[in-house]
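In terms of numbering that gives the first Met the number 0, the sequence shown is numbered consecutively and its last residue is 149.
Think of the hints as simulated: they come from the structure by calculation, not from any bench. Heads up, some of the hints might be wrong.
[As the list claims (entries may be wrong)] Within a straight-line C-alpha distance of at most 27 angstroms, the following computed DSSO-like cross-link-like pairs (lysine-lysine) qualify:
(1) 93 with 131
(2) 93 with 132
(3) 95 with 132
(4) 95 with 131
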Amino acid sequence: MNILFDNEENVGELLLSKMTDAALYAMELEDLPEDRVEISVSFVSLEEIHELNREYRNVDRPTDVLSFPQFERDEEIPEVGPVYLGDVVISTDKAKAQAEEYGHSYERELVYLFTHSVLHLLGYDHMEEDEKKEMREREEEIMSHLGIFR
Numbered sequence: 000m001n002i003l004f005d006n007e008e009n010v011g012e013l014l015l016s017k018m019t020d021a022a023l024y025a026m027e028l029e030d031l032p033e034d035r036v037e038i039s040v041s042f043v044s045l046e047e048i049h050e051l052n053r054e055y056r057n058v059d060r061p062t063d064v065l066s067f068p069q070f071e072r073d074e075e076i077p078e079v080g081p082v083y084l085g086d087v088v089i090s091t092d093k094a095k096a097q098a099e100e101y102g103h104s105y106e107r108e109l110v111y112l113f114t115h116s117v118l119h120l121l122g123y124d125h126m127e128e129d130e131k132k133e134m135r136e137r138e139e140e141i142m143s144h145l146g147i148f149r
């Protein structure tokens, strides 16, 4: 698996390793060829994610994470060559604030946001209640596999 981290110095090696493990386990659960999968991850400020949210979703407020998938859930994954799943953008400022608000560590929040976003890249969504339940169960499965609990 190739994960291209941008501004990774804002996070640290241990967290990057946990995020990689989360993505690898997600690929295993989805039966995807992890050796060919690529994901891009950027860590940005509150202002930067606010601008991206306004530009790409027409929502004029900051958010915690944005996902830009390259495939639809039912779309066929190419049999050969790299499989570029898409881009993940995480606001480290928002993650810190949410960790404090929810009473858990910044590290847990970042890994959770990344896991949530990777699932979006894999076609999961939470617009309908049944979709939300399926996505939450998969998030919990991945986080538990990593030994990260609420």
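Now the hints, each set against the structure:
no.: 1; hint: 93 with 131; in the structure: holds (22 angstroms)
no.: 2; hint: 93 with 132; in the structure: holds (24 angstroms)
no.: 3; hint: 95 with 132; in the structure: holds (26 angstroms)
no.: 4; hint: 95 with 131; in the structure: holds (24 angstroms)
Consistency with the previously given hints is maintained throughout, with no hint failing.
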